[in-house]
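Peer 1: Go ahead and model the full structure; you've got the sequences and the hints to work with.
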Amino acid sequence: MNPRNFVAGALALAVLPVLAACGGGTTSLNTPPSATGSAAAAPDSTMVIGTANFSENQILGYLYADVLEAAGVKTTVKPNLGSREIIVPALQNGDIDLLPEYQGNLLLHFDPKATASDSDALQQALTAKLPQGLTILPPSAAEDADVFTVTKETATKYGLSTLADLAKHNGKLVFGGPPEVKTRQVGMVGLKDVYGVEFKGFKSLDASGPLVKGALKSGGIDMGNLFSTDVDIAKNGWVVLADPKHLIPAQRVVPLIRTDKATDTVKTALAKLNTALTTEELSKLDSLVDNDHKDPDEVATEWVKAHGLSS
Amino acid sequence: MTDLFSQLAAWLTSAGQWAGPEGIAQRLLEHVEYSLLSTLVAALIALPIGLFIGHTGRGAFLAINLSGFGRALPTVGIVTLVFLVSGLSMTPVYISLVALAIPAIVTNTYAGMAAVEADAKDAARGMGMTGLQSLWRVEIPLAAPLIMTGVRLATVQVIATATIAAYVSFGGLGRYIFDGLAQRDLTQVLGGAVLVAALAVAVDLILAGIHRILFRHRLT
Numbered sequence: 000m001n002p003r004n005f006v007a008g009a010l011a012l013a014v015l016p017v018l019a020a021c022g023g024g025t026t027s028l029n030t031p032p033s034a035t036g037s038a039a040a041a042p043d044s045t046m047v048i049g050t051a052n053f054s055e056n057q058i059l060g061y062l063y064a065d066v067l068e069a070a071g072v073k074t075t076v077k078p079n080l081g082s083r084e085i086i087v088p089a090l091q092n093g094d095i096d097l098l099p100e101y102q103g104n105l106l107l108h109f110d111p112k113a114t115a116s117d118s119d120a121l122q123q124a125l126t127a128k129l130p131q132g133l134t135i136l137p138p139s140a141a142e143d144a145d146v147f148t149v150t151k152e153t154a155t156k157y158g159l160s161t162l163a164d165l166a167k168h169n170g171k172l173v174f175g176g177p178p179e180v181k182t183r184q185v186g187m188v189g190l191k192d193v194y195g196v197e198f199k200g201f202k203s204l205d206a207s208g209p210l211v212k213g214a215l216k217s218g219g220i221d222m223g224n225l226f227s228t229d230v231d232i233a234k235n236g237w238v239v240l241a242d243p244k245h246l247i248p249a250q251r252v253v254p255l256i257r258t259d260k261a262t263d264t265v266k267t268a269l270a271k272l273n274t275a276l277t278t279e280e281l282s283k284l285d286s287l288v289d290n291d292h293k294d295p296d297e298v299a300t301e302w303v304k305a306h307g308l309s310s
Numbered sequence: 000m001t002d003l004f005s006q007l008a009a010w011l012t013s014a015g016q017w018a019g020p021e022g023i024a025q026r027l028l029e030h031v032e033y034s035l036l037s038t039l040v041a042a043l044i045a046l047p048i049g050l051f052i053g054h055t056g057r058g059a060f061l062a063i064n065l066s067g068f069g070r071a072l073p074t075v076g077i078v079t080l081v082f083l084v085s086g087l088s089m090t091p092v093y094i095s096l097v098a099l100a101i102p103a104i105v106t107n108t109y110a111g112m113a114a115v116e117a118d119a120k121d122a123a124r125g126m127g128m129t130g131l132q133s134l135w136r137v138e139i140p141l142a143a144p145l146i147m148t149g150v151r152l153a154t155v156q157v158i159a160t161a162t163i164a165a166y167v168s169f170g171g172l173g174r175y176i177f178d179g180l181a182q183r184d185l186t187q188v189l190g191g192a193v194l195v196a197a198l199a200v201a202v203d204l205i206l207a208g209i210h211r212i213l214f215r216h217r218l219t
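Protein sequence lines correspond, in order, to chains W and A.
Going by numbering that gives the first Met the number 0, the first residue of the first sequence is number 0, and it counts up by one from there.
Going by numbering that gives the first Met the number 0, the first residue of the second sequence is number 0, and it counts up by one from there.
Quick caveat, the hints were computed from the structure, so don't treat them as lab data.
These numbers come from a predicted model, not from an experiment.
Treat each hint with caution, since some may be false.
Claimed, not checked - Below are the EDC-like pairs computed for lysine to aspartate or glutamate, each with C-alpha atoms no more than 20 Å apart in a straight line:
#  : chain 1 : residue 1 : chain 2 : residue 2
1  : W       : Lys73     : W       : Asp94
2  : W       : Lys234    : W       : Glu152
3  : W       : Lys260    : W       : Glu279
4  : W       : Lys181    : A       : Asp178
5  : W       : Lys112    : W       : Glu84
6  : W       : Lys244    : W       : Asp294
7  : W       : Lys181    : A       : Asp184
8  : W       : Lys199    : A       : Asp178
9  : W       : Lys283    : W       : Asp294
10 : W       : Lys260    : W       : Glu68
11 : W       : Lys199    : A       : Glu21
12 : W       : Lys73     : W       : Asp263
13 : W       : Lys167    : W       : Glu197
14 : W       : Lys181    : A       : Asp203
15 : W       : Lys191    : W       : Asp231
Peer 2: Given below as structure tokens:
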């Protein structure tokens, strides 16, 4: 066989399915997500629980699964699907049915100009702003907000205690967080709008994971976007910058569910979990996974058992 | 789907997208830099190893199995692991890319050397060549096409994987894929993927061209 023809043929063969796969996948995500239109996508009674790409959200997903199983609902957990920008549309399309979410950032996802910042106002605003077919259930007592964190040395060196102090050092500091923080309100956009902060640069790393914490520790970044439940903040003596202008809204954990899946059984089971789950408990669970490297699934199951929620 | 393709075409052809410190031209340059440097370092390490075991026949079992092990290492794992030690620098990226490129070059170099007929080596000895002379004048020239194939394989693998630099905040074409995924900008993701694929194919064709020119007098 002529080698040139072979190369061309092999190329065509290799590229075609890839393009088809990309095209197929993206069209389903690209069409304006309508929660009502594709209800047929999930005909069976299994509750598909999706979770974002950080450990706490996976633990929450497994907690949901465990209490629902205890109430007799069949569940499947799809862990580590991606950022909110990916998973909320998947929920709207019916690929998943239930998501552990956080009030403030969820509202900003649907309404980037939203100003509600306390839990009750957020719950109301969310109910009003959610697309048809989606429902949020009452929030848990547990909260996990984004926090902008610096090391003690950086705080002392630049005299930083609130986010407003950052503006005094515009163009000097490097900010690190997951890539979506670059384009989010609770991130680069809001820090500039609300506090007038401009950074020397932004480093795309992960969501309160080993990369962003490692970079903060080694000085690769000056400020990191972490989660308030992260036990490493206290362990390393890092300083969480205060937010006097309420850029960061309340972020209590809240189940976001497809309305057609929110039966009374489901609501009761999740309500029981939400009462038992506090910020402190959530923080402990995070630490078991992040620092003791336990499996999120097992951690969740043990916790549900220990709190008498498994029957 | 057509919609997506027209968006992709617009993304790829807009002049603003190509210019500036975050433009495609700059990202392409970074990608080539990461890939070239990694392949070069890998070749400097892997070629002597492959030549040594090919020439002496010693350590083949160990080297081939280590190479197999190297191929099985997950690149993201290496990057994260090294990152935790080295902090925010390109070191984790280079280490993982070099580790990725070495096995292909070692195994192909060894295979090329092993395929040199014993008669040819005997003849070299018979003509009074020393071991080193036989290596340079007989074995390497005969093994060269396979060695070159190994380098080509490694280069394409490295180009495809150099997107990993974006995982730890650096540039290259992976920036578009990682940012686009996190921000759900699918045009950007697809644009990045197409550029990486195009770069890999282009470089492979160039290397294939060089291969042909170098070995045009060969029967094989």
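Peer 1: Decide, hint by hint, whether the structure agrees.
Peer 2: Cross-check of the supplied hints:
With a C-alpha separation of about 16 Å, the suggested pairing of W/Lys73 with W/Asp94 holds against the 20 Å cut-off. Straight-line distance between C-alpha atoms of W/Lys234 and W/Glu152 comes to about 15 Å, which keeps the hinted pair within the 20 Å bound. Taken as a hint, the W/Lys260 and W/Glu279 pair is broken in the structure, with Cα atoms around 30 Å apart against an allowance of 20 Å. As the CA atoms of W/Lys181 and A/Asp178 are separated by approximately 9 Å, the hinted pair is consistent with the 20 Å bound.
Using a Cα cut-off of 20 Å, the hinted pair W/Lys112 and W/Glu84 holds, with the two alpha carbons roughly 17 Å apart. Among the hinted pairs, W/Lys244 with W/Asp294 is inconsistent with the structure: their alpha-carbon atoms are about 38 Å apart, more than 20 Å. Restraint check: the Cα-Cα separation between W/Lys181 and A/Asp184 comes to about 13 Å, which is no more than 20 Å; the hinted pair holds. Of the supplied pair hints, the one linking W/Lys199 and A/Asp178 holds, its CA atoms being roughly 19 Å apart against a limit of 20 Å.
Distance hint between W/Lys283 and W/Asp294 is fulfilled; the C-alpha atoms sit about 14 Å from each other, no more than 20 Å. Distance hint between W/Lys260 and W/Glu68 is fulfilled; the C-alpha atoms sit about 14 Å from each other, no more than 20 Å. With a C-alpha separation of about 15 Å, the suggested pairing of W/Lys199 with A/Glu21 holds against the 20 Å cut-off. As the CA atoms of W/Lys73 and W/Asp263 are separated by approximately 15 Å, the hinted pair is consistent with the 20 Å bound.
For the proposed pair W/Lys167 and W/Glu197, the alpha carbon gap of about 10 Å is at most 20 Å, so the pair holds. The suggested pairing of W/Lys181 with A/Asp203 is violated, with an alpha-carbon distance near 35 Å, which exceeds 20 Å. Between W/Lys191 and W/Asp231 the CA atoms are separated by roughly 27 Å; this puts the pair beyond 20 Å, and the hint is violated.
The structure fails to meet hints 3, 6, 14 and 15 from the earlier list, while all remaining hints are met.
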